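2 protein chains.
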Amino acid sequence: MIIDIHGHYTTEPAALHAFRDKQLAGLADAARRPASSDLGISDEVLVKSVAPQLKFQKERGGDLTIFSPRAGGMAHHVGSEAISQQWSRVCNDLIHRICSLLPDNFVGAGQLPQFPGVSPKNCIPELERIVNELGFVGVNLNPDPAGGYWTDPPLTDRHWYPLYEKLCELDVPAMIHVSSSCNPNFHHTGAHYINGDTTAFMQLIQGDLFKDFPTLRLVIPHGGGAVPFHWGRYRGLAQDMGRPPLAEHLLSNVFFDTCVYHLPGIELMAKVIPLDNILFASEMVGAVKGVDPHTGHHYDDTRRYVDQVKAWSAEDRHKIFEGNARRVYPRLDSLLRKRTS
Amino acid sequence: MIIDIHGHYTTEPAALHAFRDKQLAGLADAARRPASSDLGISDEVLVKSVAPQLKFQKERGGDLTIFSPRAGGMAHHVGSEAISQQWSRVCNDLIHRICSLLPDNFVGAGQLPQFPGVSPKNCIPELERIVNELGFVGVNLNPDPAGGYWTDPPLTDRHWYPLYEKLCELDVPAMIHVSSSCNPNFHHTGAHYINGDTTAFMQLIQGDLFKDFPTLRLVIPHGGGAVPFHWGRYRGLAQDMGRPPLAEHLLSNVFFDTCVYHLPGIELMAKVIPLDNILFASEMVGAVKGVDPHTGHHYDDTRRYVDQVKAWSAEDRHKIFEGNARRVYPRLDSLLRKRTS
Numbered sequence: 446m447i448i449d450i451h452g453h454y455t456t457e458p459a460a461l462h463a464f465r466d467k468q469l470a471g472l473a474d475a476a477r478r479p480a481s482s483d484l485g486i487s488d489e490v491l492v493k494s495v496a497p498q499l500k501f502q503k504e505r506g507g508d509l510t511i512f513s514p515r516a517g518g519m520a521h522h523v524g525s526e527a528i529s530q531q532w533s534r535v536c537n538d539l540i541h542r543i544c545s546l547l548p549d550n551f552v553g554a555g556q557l558p559q560f561p562g563v564s565p566k567n568c569i570p571e572l573e574r575i576v577n578e579l580g581f582v583g584v585n586l587n588p589d590p591a592g593g594y595w596t597d598p599p600l601t602d603r604h605w606y607p608l609y610e611k612l613c614e615l616d617v618p619a620m621i622h623v624s625s626s627c628n629p630n631f632h633h634t635g636a637h638y639i640n641g642d643t644t645a646f647m648q649l650i651q652g653d654l655f656k657d658f659p660t661l662r663l664v665i666p667h668g669g670g671a672v673p674f675h676w677g678r679y680r681g682l683a684q685d686m687g688r689p690p691l692a693e694h695l696l697s698n699v700f701f702d703t704c705v706y707h708l709p710g711i712e713l714m715a716k717v718i719p720l721d722n723i724l725f726a727s728e729m730v731g732a733v734k735g736v737d738p739h740t741g742h743h744y745d746d747t748r749r750y751v752d753q754v755k756a757w758s759a760e761d762r763h764k765i766f767e768g769n770a771r772r773v774y775p776r777l778d779s780l781l782r783k784r785t786s
Numbered sequence: 446m447i448i449d450i451h452g453h454y455t456t457e458p459a460a461l462h463a464f465r466d467k468q469l470a471g472l473a474d475a476a477r478r479p480a481s482s483d484l485g486i487s488d489e490v491l492v493k494s495v496a497p498q499l500k501f502q503k504e505r506g507g508d509l510t511i512f513s514p515r516a517g518g519m520a521h522h523v524g525s526e527a528i529s530q531q532w533s534r535v536c537n538d539l540i541h542r543i544c545s546l547l548p549d550n551f552v553g554a555g556q557l558p559q560f561p562g563v564s565p566k567n568c569i570p571e572l573e574r575i576v577n578e579l580g581f582v583g584v585n586l587n588p589d590p591a592g593g594y595w596t597d598p599p600l601t602d603r604h605w606y607p608l609y610e611k612l613c614e615l616d617v618p619a620m621i622h623v624s625s626s627c628n629p630n631f632h633h634t635g636a637h638y639i640n641g642d643t644t645a646f647m648q649l650i651q652g653d654l655f656k657d658f659p660t661l662r663l664v665i666p667h668g669g670g671a672v673p674f675h676w677g678r679y680r681g682l683a684q685d686m687g688r689p690p691l692a693e694h695l696l697s698n699v700f701f702d703t704c705v706y707h708l709p710g711i712e713l714m715a716k717v718i719p720l721d722n723i724l725f726a727s728e729m730v731g732a733v734k735g736v737d738p739h740t741g742h743h744y745d746d747t748r749r750y751v752d753q754v755k756a757w758s759a760e761d762r763h764k765i766f767e768g769n770a771r772r773v774y775p776r777l778d779s780l781l782r783k784r785t786s
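Going line by line, the protein sequences match chains A and B.
Be aware that the first sequence starts at 446, since it is given in our numbering, and climbs by one per residue.
Be aware that the second sequence starts at 446, since it is given in our numbering, and climbs by one per residue.
Hints should not be assumed to be uniformly reliable.
[Stated by the list, open to error] With a straight-line Cα cutoff of 27 Å, these simulated BS3-like cross-link-like pairs (lysine-lysine) come out: (1) A:Lys764 x A:Lys783; (2) A:Lys734 x B:Lys493; (3) A:Lys716 x B:Lys734; (4) A:Lys755 x B:Lys755; (5) B:Lys503 x B:Lys755; (6) B:Lys566 x B:Lys611; (7) A:Lys716 x B:Lys493; (8) B:Lys503 x B:Lys493; (9) A:Lys503 x A:Lys493; (10) A:Lys716 x B:Lys566; (11) B:Lys493 x B:Lys716; (12) B:Lys764 x B:Lys503; (13) B:Lys716 x A:Lys755.
Keep in mind the hints are simulated off the structure, nothing from the lab.
Given the structure is predicted, the values throughout are model-derived calculations rather than measurements.
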C-alpha cells in the first residue's frame, strides 16, 4: 500500500474560517466571541470538503494519508494560549471526524496548542486526548511558535522535554513543522517551512537529544529542508564539532519525507539519505498546487518521482511507501494490522 | 584560470581579535576603547596569516580568490552603528593590504557597516571607498543585520534601494551573506547561513526588484541554500503566485556559488541551475575544515566535485571556473585584462 505521511486539511469549509475570525475578533471585542465551538458542519459537507484530496489519492494510486490540520493555520503566535487551546481542539476534532467518516483514506495527526514562551508541557492534555481518545498516530510540533521570530529555545533544550517524555510514552512520532510566518522576511511555504526544517536538523546535530530519548522519533518534512543538498556540510560540521557520524548520532531517530517537488531533488535524497529514513509524502493539497509545464504533472505528485528513481528496487520503494511509515508510526501499524486481521 | 569567488579571511592575526575586544569593551567602559585603529600588524604577519589559503589554493589548482572579511565576524548586530563603521573600515583595510601584498592570489570584496534598523544608505561612503579607493570588486550584503532575528525589511523593500542604486552605478555585485547568529536557534554556518540564502531567494521571487534594477547582480552563496534541492517548489510557487518563470524573473540577476560540500549536491546543481548562473567557490578556509573519510579529501575541496560532474564539458567548466565570474564581477574582469595586456 501507499501511505502519504504528510497531508494537511487545506480545504476546510468556510464555517471553520468564520469560527476563527470570530475567535480572533473576540480578542478585541469579547462580544464577538464565538458562542460555541460547535461549527455546525455536517458530515456531508466534511466529506465533500476533502474531495480534492480523495481525487488525487485515487488518481495517484495512494491509499492512506496521515492527515493533520493546515500547518499554516496553526498560527501559534496569534492571540493567547487559551485561543491556541480552543483552536487546536476545534481543528483536531474536525480531523477526527474526517478520519472517522473516511477511515480507509485518512488517519489523524494532531495540532498542539503551543504558544510562544509557554511550556510545551501545557500541550500534554491535548496530546493525550488526540492519541488516546481520537486515535491519532502522530502530531505536528512547531519548533518556532513565535511564527518567524524564533524566540523559544532550540528543540534540544529541556524546555521541550516534558513533551518528548509523553511522546515516548505514547510511542507517537512528531513531525517538526513550523506554521505561518508573521515575519515579512519569510514567505511561509517558500522560506519559513524550509528554514524550519534545516534549523531543526542542525539543532539536533549540536545536541544530544537522543541520548536522553533513545526512542523519540522526529520526522523532518519537505525532504529535510536544505539538509540532503548540504549533506556534506552537515557531515563535515558534525565531524568538526566532534559529534558522532550522523548515521549514529541521529538516523535512528530522525526521518525525512519526500515532499520535494522535482525528480532531481528526490534523486539526490536517494544518493545521500539512507533508505530506512525516507518516508513517502506529497503534502497535497498544499504548498504548490500547479502543474509543471515540463512534465505535464502536478509538482506535488511526488509518487512519480519516487517511481522514477533508478537506484531504488521494488523492495526499496515498498519501504518508502509503506514499511518505513509503519515502523515510524507504530500506532498506524497497529491500526492497519487490526483491520486486516 | 580558476577563480574562487567566495573566500573569507578566517585566519586573522590575534591583533585583530584584540582590537575587536577593546572596541566592544569600550561600549561598557570608554577607557578601554582602542587608542588607534592602526593594529600594528606587519606585512610579514599578514602574508603569513594567509598561508593556509595559499597552500590550499596551490594544492587544488586555484589561481585567484575573491577575498572578504570573515562573514561571521561582521556581526552587524553588535554594538552601535559607529562600532560597525569603525569595524568595517578596519576589516576592509586588512583585506586591501593582503590583496596588495599578494595581488596574484587575492582580490578584495568588502564588508558593509550595516546596523539593524539603520538605512543601508549609510553604507554608501564605505562602499565607494572600498571600490574606488581600495579596488574591491564585490561586497557582502547582510540581509539580516539583526543576526538571526530578521527585524529589518526584506531585500525587495525600498529600504535597500539607495544601496542598490550605488551598486548599479559602481557595477559591483553583492553577495547576500548573513553574519553570525545571536539567536540560539540558529547555528551560524549550519542553519543561519543556509536559511539566509533560501530566504533571500524567496524574497526575490515575491518581489520585482530587477524591474527596478535590471543591472543589479546578486550572488547567493552556499549553492543557494535550499534552493536547488527545492527547485520544483520554487518554480511551482512562482507559477502559483503568477510570477514569471524563474529564468525570466531572476536568472539574469541572481547567481549561485558552488559551496556545496559533496558531489551529489553539485550534481543536483548541474541538473537544475543554468550553467551561466553557477560560479566556482569553496569558502576555504571556512565553515567545514575536515577531511571527508569517504573520499580522503577536504569537504570544501569543491573543485573535485565540479571536475567530476559528467554532464559538464571543458567549456562548461571554463564558464564555472572563470567566465561567469568575469561576467558577474566586471571590475575583476577589467583588472585581469589590464594585467595581461
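**Prompt:** Can you list which hints this structure breaks, lowest number first?
**Reply:** Hints 2, 7, 10, 11 are the ones this structure does not satisfy, whereas the remaining hints hold.
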